[in-house]
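Using the hints, put the two standalone chains together into the complex.
So the protein lines, in turn, are chains E and G. Residue numbers for the first sequence follow this note's numbering, beginning at 43 and rising by one. Residue numbers for the second sequence follow this note's numbering, beginning at 89 and rising by one.
Where hints are given, some of them may not hold.
What the hints assert, rightly or not - Here are some chain G residues the structure puts well away from chain E; computed CB gaps all over 12 Å:
hint	residue
1	Arg407
2	Glu415
3	Ser434
4	Tyr458
Unchecked claim - Simulated restraints, written as ranges between beta carbons of each label pair:
hint	chain 1	residue 1	chain 2	residue 2	range
5	E	Gly183	G	Gly167	27 to 33 Å
6	G	Glu433	E	Gly183	50 to 56 Å
7	E	Arg232	G	Val126	27 to 33 Å
8	E	Gly325	G	Thr471	40 to 46 Å
9	G	Ser434	E	Leu239	34 to 40 Å
10	E	Leu96	G	Val227	30 to 36 Å
Unchecked claim - With the Cβ distance kept under 8 Å, some of the chain G side facing chain E (calculated, not the full set):
hint	residue
11	Val227
12	Ile230
13	Gly233
14	Val234
15	Trp281
16	Leu312
17	Pro318
18	Leu320
19	Ile344
20	Arg389
Think of the hints as simulated: they come from the structure by calculation, not from any bench. Quick reminder that beta carbons are idealized off the backbone N, C-alpha and C, glycines included.
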Amino acid sequence: MSIGLPAHLRKQSVSLAFAQTINTVSFVCFALVLAGVLSLSAGDSTLALWPAALAVLPMLVTSWLANYYRTTFYTVAHIVIGGPATYWFALTIISELQPLGAAGQYLVNVITVGLMLVGGTGRSVGWSLAWFTTGLVVAQGAVTLASWQLLGHTVVPPGVILVYVAATSVLITLRMSQRGVRRVQSDLHRAARDDELAHLRFGLEATSAAVMHDTVLGHLAAIANAPFGAINPQLQREITRDLEVIVGQEWLSESERTAGDNARADWQSSALNAAIAEAQEMGLAVEVTGDLAAVSQLDARGAAALGPAVKQCLVNVIKHSGAMQAEVAIFASPEEVSVLIVDAGKGFDEAETGADRLGLRQSVRRRIELVAGTVQVWSTPGFGTSVMIRIPADADANERLVPRSAVE
Amino acid sequence: MSATTDSITVQQLDPLGTLDGRPISKLAAAGVLVLGTVMTVLNSDVIAHPLLAIAALLLIASASATLLVATGPLRAPFGGRMHALVIGLLVLAYALSSASLGGQESQVNDYWGTMVIGIMCMAIAPYRPVRELVTVGIVAAIAAGVITLVQSSVSDLEVPPMIAVLASMTPVLALSLGGSAFASSLAQSHARWELRARRAALRQLERQHEIVARSVQQDRVTILNRDVVPLLDSLTKRGIVTPEDRARAAEYAESIRHLMVTEVNRNWLESVVADSFGARDVGILVRDPHRLAAAMTASQRTALRAAILAVATGDELDRESVRLVIEKTDVGAVIIVTATVSSSESSWRSSLAPYFAVLRVVFTGLRISYRSPSLIVRFTYDTP
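Isolated chain G (complex conformation) (with noise of 0.2 Å):
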């Protein structure tokens, strides 16, 4: 396993992926809620004290929202201090279920709040790097032991401690380093994939060098063949300057000079809304004063190019309305894109959030504000 792999979320290796992923960690959210109320429910006649088992469910619940939110396509990626807070509130919840039994003789099978925990960790593997959710795992399975040390101290046990403690900890360890397994197998497949394709990508565009090489010199080729090439040919054979010749070249000069200039200035992201709009005053819908385009990655500009691209061929959001600023920040830039909703909340958020998934990854603080009917999107990037 390479450095890259163990630092890499799986989430921002592959965002499309880990959204098509989610109806697993709605899966684990809602399951460990259910798991959590039927065996508080089965082991109510154990239960010495209620409100503490209560307790442990409200903080399961609290955890599974947390995880259901804070992994939304249009929220911002799922960090680490998240991480922390669900598996430390699922921790915290174990502790309360423990102390519920009070001094009751305790069963294998009362560990069930481990089993929460370790499935938590699982569903959240797509969402952090391999080495935190090892580092997680671990701390959250000696915490479940020390738990378990401490409640089989002050209780009748009727197995040896230390395989109470095993016991606890078996499907925080398990499911914890199973989750970690997986992203780090799907990181590894994508470095691999990605390697791949970059080198074919590579031999692809040597192909067509070829082409795109011979399709701009015919350009310039017909523009000098206009004017300039007949102008320079009779100078030469007639190897005589006349004023008239003077002022032909002055005049050329200058709309060469002026197209090369045009040409200098121009970004790529005029031209992709130009291509994909099909507008002819690009200056309107895109403004880049600080000509901060430029400066975007190569992934930005995929991701902003295939959000571009939906947005001009769907119908979710009124064409003629979208407006696109770059403005510079101080540490970089922030694209502020603005347009009017023409479809219903539920039909524009379903289209566009895969697109907002791969914006949130590939650029910084992405924010959605929509008060119907105008949608503002606003991220950010950083800047040489």
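Extracted from the complex, chain E is given alone in its bound form (with noise of 0.2 Å):
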């Protein structure tokens, strides 16, 4: 579903719409007199009506010409050869049926109107009154001809100037009621927009809350249970180098402007090694198994959301699992990759942990989660947890601005 055609779309679409009506209702015509005239012909031997069924031929040729290209030329090209062809056909009829009967006349009526409803190039309504009536003159003209040659009086039939009347008053009506709903379609195009834009918005947000909660909140935190006395020259270090990133350059527009492009880092600079890095450096062993090389098959979003989530799961074991030692076991397959964090410890409940606790929800699933990802959780109080995080490998997977397809 979408939220349709804007108004100025709108007018041009109705009137190729609705030549493309016209045209197949014509091609119908032609296609229903051909089978009739075959099926007199196969009625009464001694009726030679091939030269009707020969001459509504081109016009089924031209007809399908006209609809598919919808150009002037073939427009024209139809209605040159569908008026000698008309009066060719007409010609047959009525010298063959004497008197024409009512047979007679609904071929002739359904060819006349098929050469009438002549759809065009569907530019305009002018233009679409144009065409048929161009068509109407012609087709009336050829059968007027051939009639008054054979028969010397002729009679327009008034179910033709009915099909007129009631085709050019749709037409009409089509154009006329255009116009109701215009102020709530733009209304509908900028609440589209605007839902994009909060869309964007929260993505970052949630990106930059994801940034916050690694560095700020993790400094913070990490001093309120610091010791008196000297501060850890790491973790000095590390807030330097924080609040420079933070304060002093554009780190959020930074990471996501990478995301298009096709940049893929291999495992020794990659975000997930340098997290496993710092972690071992908080004193964790960290057990790395699997296709190291997996990692190169994500985008650079997908690289950059991936490198912080392991880190936070392993901050995770350190800080509440009781156990010191971790496995990360990193698998491909060509749609996505996995990784797996594994630990020992004591497990937990995820749906006894506070509504507070933001590095599950924040750090991790948040931030797989932005980037088209899963994050599936097994824990079980006493037998340890494992933390599986899918990213799809392709890039286009992990477009997330707009994850609506061309047509929903």
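Right under this line is the structure:
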């Protein structure tokens, strides 16, 4: 579903749709006339109706071409070829079916309607009107000429005029009715834009919250729990580095801007490797197994999200599990890269963790979901914890700014 | 033609455009009734069974009424069953009007009944998918042909039966296939535009990314610069942690954490309502205890956002009385909007009809109940 065509395109689309409708009706008319002529011939072998059948064939072709290409050239060609063909058709039918009767009148009427309904280029209502007025004049002119030549008189059938009036009124009603809800339509388009912007802002706020959680909040917590006296030099270095980045640089646009490019990080320079190294510096024994090269399958955004998320999982192991060993297993399929973080600690029940516990929700779950990934946690009190992070490998699958398909 | 444009209706793609095109449906509904009445009166001297002719007219009238009511903007979308019902009634009406002639000599002009079927097939085009339109059109044409064949076997026709059958099928086939072409053309135009618009929107978002990122970062840095940065700055310079530092660090950590928890829990709907209504206490206006607003799709968010803004800026409903509740159901969520109407019924109905038309397409089961002066609108959506 979508929110509809903007007003300026609607007029054009409706004109085009109307032209295609008219052309289809015209094509069906020719096909049925052909079927009618063939069935009459089959029913009565004394009738020489084959010239009429022959006259319909080029009209079927030009009608199809005029609908397919919708150019002035093919439309004019259709009328130019259709006029003589209709004349030829009427001549054959009127001369063979004496008197003309209801069957003959039906065939002549339908071919007249068929030629009259010229959709044309579908550019505007004025053009459409001009096209089928031309069609009516040419078709009715051809039939009148044939009838006058053979019978000495002619009658304009009311049915044909009725179809002309009906088609014209529908076209004009369609045109007149295209103005009612323009304001609402533009409200809707504005709402769609606002929604996209809000979504963008929401994503950026979430990213920035994750960064804040991992840096400032982490440092403040470390200071609040630090012993009095000299500050840990490692902590001092990290605070200095983070302050420089957070206050002095455009960290938010930096981390996001690289998202679209195809930069591939190899394992040595990957954020995941750095995250594991930092956890090891904090005293955690981390065993890394699996396909290390798989991280190169992630795009920059995916890789940038994975590193800090795994780091947060490892920090959680240090803080909450009571164990100082963890395993990080990396494996990949063509569609996604999966990282499993396992510890043999005391485990927990996710439902029982406090609503204000931000680590798993913000730094892991939210961050990974923002790059279209998923996080699964298996933990049983007493039996350790496993966290599975999956991130799509395909760059396109990471498209999250506008997660809608072309036609939803 | 792609499978997508085959199976989707013009109404789903462009609910407002379809609402705009409703005069055509009205014209068609009135037109078939007028056509039927006029032709019945003109043929009155050859009608052998007037009761059957009247019954046929009544069937046409009920098909017209069904079309008018079922395509109304405040109703559920026009479904496949309704489609079959309307065309079925008209096929039956054609059978009855044919039977009403008895064994009288029949003219090709008597096939106005199939013209009625054809016009209706075309009028339904915006409401049903292309594939269904084609199928129903062909089935109706075959039915009309069979009825004509049966009638030609009991009456003295001056035309060969095959021509009579073709003549009766012509309006049904031509108009129903024409209607399908209309639906297909609009659906394709729409798909093309949608693709282009998506690309343009994406480019636009990329341009705005930088601006939004800077503003978000500025917000953060402003908060940090107040207390946190001076503290961390002085700590790294002094290299010594004092009890006072610890207390301040704990205090700041708690306030930042509190801010972040609030942000994480905030939902888009509350922001939109707060922005539109300028309300400080959004909790009273919006109640979403299960946090289901986040499960809406982009189209649903867009439609609801536009409707909320329209209500907030219009004077059809009393702004103070608007309440929005999202509750859990077995399969998803239901949104219940209640409000007190502060304008005439025709005024709020016509002003809000376009929004209802859009909501009805993007959500499921839209129900509007109005007992002056209170208005209740319910609609549902699936949640993962």
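Outcome of the hint check:
Once the 12 Å rule is applied to beta carbons, G:Arg407 is consistent with being away from chain E; the minimum gap is 17 Å. Every C-beta of chain E lies more than 12 Å from that of G:Glu415, the closest at about 21 Å, which supports listing it as non-interface. A cut-off of 12 Å between C-beta atoms confirms that G:Ser434 is not in contact with chain E; the least separation is 15 Å. Annotated as non-interface, G:Tyr458 keeps its C-beta farther than 12 Å from every C-beta of chain E; the closest such distance is 20 Å.
Taking 27 to 33 Å as the suggested C-beta distance range, the pair E:Gly183 and G:Gly167 does not conform, at roughly 46 Å. Take G:Glu433 and E:Gly183: their Cβ atoms lie about 55 Å apart, and the range 50 to 56 Å holds. Checked against the hint of 27 to 33 Å, the C-beta distance between E:Arg232 and G:Val126 comes to roughly 48 Å, which is inconsistent with it. Checking the proposed 40 to 46 Å range against E:Gly325 and G:Thr471 shows it holds: the Cβ atoms sit about 43 Å from each other.
A beta carbon spacing of about 36 Å between G:Ser434 and E:Leu239 agrees with the range 34 to 40 Å that was offered as a hint. Separation of E:Leu96 from G:Val227 is about 32 Å and conforms to the stated range, judged on CB atoms against 30 to 36 Å. Below 8 Å, beta-carbon pairs count as interface contacts, and G:Val227 has none with chain E, the closest being about 16 Å; its hint is therefore violated. About 14 Å separates the beta-carbon of G:Ile230 from the nearest beta-carbon of chain E, more than 8 Å, and the hint is not met.
The beta carbon of G:Gly233 comes no nearer than 11 Å to any beta carbon in chain E, farther than 8 Å, and the hint placing it at the interface is violated. For G:Val234, the suggested interface contact is broken, since its CB lies about 16 Å from the closest CB of chain E, more than 8 Å. Residue-level restraint check for G:Trp281 holds (minimum Cβ-Cβ distance to chain E is 6 Å; threshold 8 Å). Interface restraint check for G:Leu312: the shortest CB-CB distance to chain E comes to about 6 Å, inside 8 Å, so the restraint holds.
With a least beta-carbon distance of about 11 Å to chain E, the hint placing G:Pro318 at the interface is violated under the 8 Å criterion. The restraint placing G:Leu320 at the interface with chain E holds, with a minimum CB-CB distance near 5 Å, inside the 8 Å limit. Restraint check, G:Ile344 versus chain E: the minimum CB separation of about 6 Å is within 8 Å; hint holds. Interface restraint check for G:Arg389: the shortest CB-CB distance to chain E comes to about 5 Å, inside 8 Å, so the restraint holds.
The structure shown violates the earlier hints numbered 5, 7, 11, 12, 13, 14 and 17.
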